[in-house]
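**Student:** The numbering used here numbers the first residue of the sequence shown as 1 and each following residue consecutively.
Treat the hints as calculated values from the structure; they're not laboratory data.
Errors might be hidden in some of the hints.
[Said to hold, decoys possible] Result set (DSSO-like, lysine-lysine): computed pairs, CA atoms no more than 30 Å apart in a straight line: (1) K453 / K437; (2) K438 / K388; (3) K10 / K202.
[To be verified] Simulated restraints on C-beta separations: (4) P441 / L231: 48 to 56 Å; (5) F409 / G45: 24 to 32 Å; (6) Y454 / E4: 51 to 59 Å; (7) P441 / K168: 55 to 63 Å; (8) T175 / T118: 51 to 59 Å; (9) D232 / L351: 31 to 39 Å; (10) A172 / D232: 18 to 26 Å; (11) F409 / M254: 35 to 43 Å.
Note that the coordinates shown come from a computational prediction; the quantities given were computed from them, not determined experimentally.
C-beta atoms are modelled at their ideal positions from N, C-alpha and C, and glycine is treated no differently.
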Amino acid sequence: MNLEKMFHLKENHTDVKTEVMAGVTTFMTMAYILAVNPSILSASGMDSGAVFTATALASMIATLLMAAFANYPFVLAPGMGLNAYFAYTVVLQMGYTWQMALAAVFVEGLIFIVLSLTNVREAIFNAIPINLKHAVSVGIGLFIAFIGLQNAKIVVDSATLVSVYSFKAAIADGTFNSVGITVVLALAGVLITGILLVKNVKGNILWGILITWGLGVLCQLAGIYQVNPELDMYSLLPDFSNGIHVPSLAPTLMQMDFKGIMNLNFFIIMFAFLFVDLFDTLGTLIGVASKADMLDQDGKLPKIRGALLADAVGTSVGAVLGTSTTTTFVESASGVAEGGRTGLTAVVSALLFGLSLFLSPIFLAIPSFATAPALIVVGFLMLTSITKIDFGDFTEAVPAYIAIIAMPFMYSISEGIAMGVISYVVVNLATGKAGEKKISPLMYVLAVLFILKYVVL
Numbered sequence: 001m002n003l004e005k006m007f008h009l010k011e012n013h014t015d016v017k018t019e020v021m022a023g024v025t026t027f028m029t030m031a032y033i034l035a036v037n038p039s040i041l042s043a044s045g046m047d048s049g050a051v052f053t054a055t056a057l058a059s060m061i062a063t064l065l066m067a068a069f070a071n072y073p074f075v076l077a078p079g080m081g082l083n084a085y086f087a088y089t090v091v092l093q094m095g096y097t098w099q100m101a102l103a104a105v106f107v108e109g110l111i112f113i114v115l116s117l118t119n120v121r122e123a124i125f126n127a128i129p130i131n132l133k134h135a136v137s138v139g140i141g142l143f144i145a146f147i148g149l150q151n152a153k154i155v156v157d158s159a160t161l162v163s164v165y166s167f168k169a170a171i172a173d174g175t176f177n178s179v180g181i182t183v184v185l186a187l188a189g190v191l192i193t194g195i196l197l198v199k200n201v202k203g204n205i206l207w208g209i210l211i212t213w214g215l216g217v218l219c220q221l222a223g224i225y226q227v228n229p230e231l232d233m234y235s236l237l238p239d240f241s242n243g244i245h246v247p248s249l250a251p252t253l254m255q256m257d258f259k260g261i262m263n264l265n266f267f268i269i270m271f272a273f274l275f276v277d278l279f280d281t282l283g284t285l286i287g288v289a290s291k292a293d294m295l296d297q298d299g300k301l302p303k304i305r306g307a308l309l310a311d312a313v314g315t316s317v318g319a320v321l322g323t324s325t326t327t328t329f330v331e332s333a334s335g336v337a338e339g340g341r342t343g344l345t346a347v348v349s350a351l352l353f354g355l356s357l358f359l360s361p362i363f364l365a366i367p368s369f370a371t372a373p374a375l376i377v378v379g380f381l382m383l384t385s386i387t388k389i390d391f392g393d394f395t396e397a398v399p400a401y402i403a404i405i406a407m408p409f410m411y412s413i414s415e416g417i418a419m420g421v422i423s424y425v426v427v428n429l430a431t432g433k434a435g436e437k438k439i440s441p442l443m444y445v446l447a448v449l450f451i452l453k454y455v456v457l
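With the hints as extra help, turn the sequences into a complete structure.
**Tutor:** And the structure:
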């Protein structure tokens, strides 16, 4: 097999050793998704073992497609934020079954495929104001950080809606050695991951998860952490009693339910998946490609159509397997920083996702208090987009602000998008700025549709 001929290594100023190292690095920086995705999607009632297998397979297939369609060093997996939207908004808040949510992801993937093969995609991307795109990223960051704080039980329900976990109460009612110690470990995990981030350690989020989990295992062995199934506190040790095997896909494979497909709410859910996937992918592709000097003189990515197609097909394949939207990961930048320039980097990462299928007992034993710091830190990384918002122009900043605060406070990514679009159109129309900004007709259509959603539903 001639790797030079397949991946044009010399033409891209790279070699096999560099590409392999880049592929391993990218996998290390995003392998946390194998622990986090089953943890989040299982909240919607899905089987965590099946979700693990679906996550690894969807990541492997979509990443191989990226190498085949575009020869780019970008790696794909079920996206952060989109998995939270799937579980916490669509299923737990709106009351849809996870089977219906999978159907929405599947349809969104099909639409994305059509958009990737036409120029409609550029029209949609260009129709949404740049400040609103940045605001969506910031809002999702706050939303998943909030979910991380809840999963770690750092933030709990209270008479004031939410409050901080009370160690005093835990000591008094005897739950400190089950729940309380995990809150301490989660707080430590946030600090550990933060320090690794500052030190620029490769795979800092994965290392943060593993170290936090390791500390938990030590606490269990020392008797400080006590297993208590009644409080959802289980053993932290991997269960290899069934040997090394791949968890069955059967509970999630082909489980999509298309019953509610003609419902306006289904359209809103599907649009939210599509919106976030589309802009997340385009933003990631352009951001990572610019770091790798892959953009042409006009600032465009030469083989973007192939890259978007890999993303779109990956999303529909992922839904069939049983996972939320598959998207290009910004962590691909770590492999690019190591010198990865071609699809060989992606192939190496994809093969490692395939190998990880046989390590399911390890990834499935990682508790939510160890994955929660990852959510909080990823939230921080997404929050940094706030510096790109133009706060000098209030007609841009106010709708961006509304979109940002709506996501965590209304516990929904799609509500944030809807509020952002409506407020952008209304504020600019009411202040007479709509004409000079040449707001796209598509923005007016979206604003009307979102208003109808609140009036009719």
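**Student:** So does A172 sit 18 to 26 Å from D232, Cβ to Cβ?
**Tutor:** This hint holds: roughly 20 Å between Cβ atoms.
**Student:** Given the hint that K438 pairs with K388, does the C-alpha gap stay at or below 30 Å?
**Tutor:** holds, 21 Å
**Student:** Has the hinted range 51 to 59 Å been met by the Cβ atoms of T175 and T118?
**Tutor:** Check passed, 56 Å falls within 51 to 59 Å.
**Student:** Can the suggested window of 31 to 39 Å be confirmed for the beta-carbon pair D232 and L351?
**Tutor:** holds, 35 Å
**Student:** Can you tell me whether the CB distance of F409 to M254 sits inside 35 to 43 Å?
**Tutor:** holds, 36 Å
**Student:** Quick check on a hinted range of 24 to 32 Å for F409 and G45, using CB atoms only.
**Tutor:** holds, 25 Å
**Student:** Can you confirm whether the C-alpha distance between K453 and K437 stays at or below 30 Å?
**Tutor:** holds, 26 Å
**Student:** Note whether the CB distance of Y454 and E4 lies within 51 to 59 Å or breaks it.
**Tutor:** The hint (51 to 59 Å, Cβ to Cβ) holds, given that Y454 and E4 are roughly 57 Å apart.
**Student:** Honestly, do P441 and L231 meet the 48 to 56 Å range at C-beta?
**Tutor:** Roughly 54 Å apart at Cβ, these two residues keep to the hinted range, so it holds.
**Student:** Between P441 and K168, does the C-beta distance stay in 55 to 63 Å?
**Tutor:** holds, 58 Å
**Student:** Compare the distance between the alpha carbons of K10 and K202 with 30 Å, and conclude whether the hinted pair is satisfied.
**Tutor:** holds, 26 Å
Checked against the numbered hints above, the structure violates none of them.
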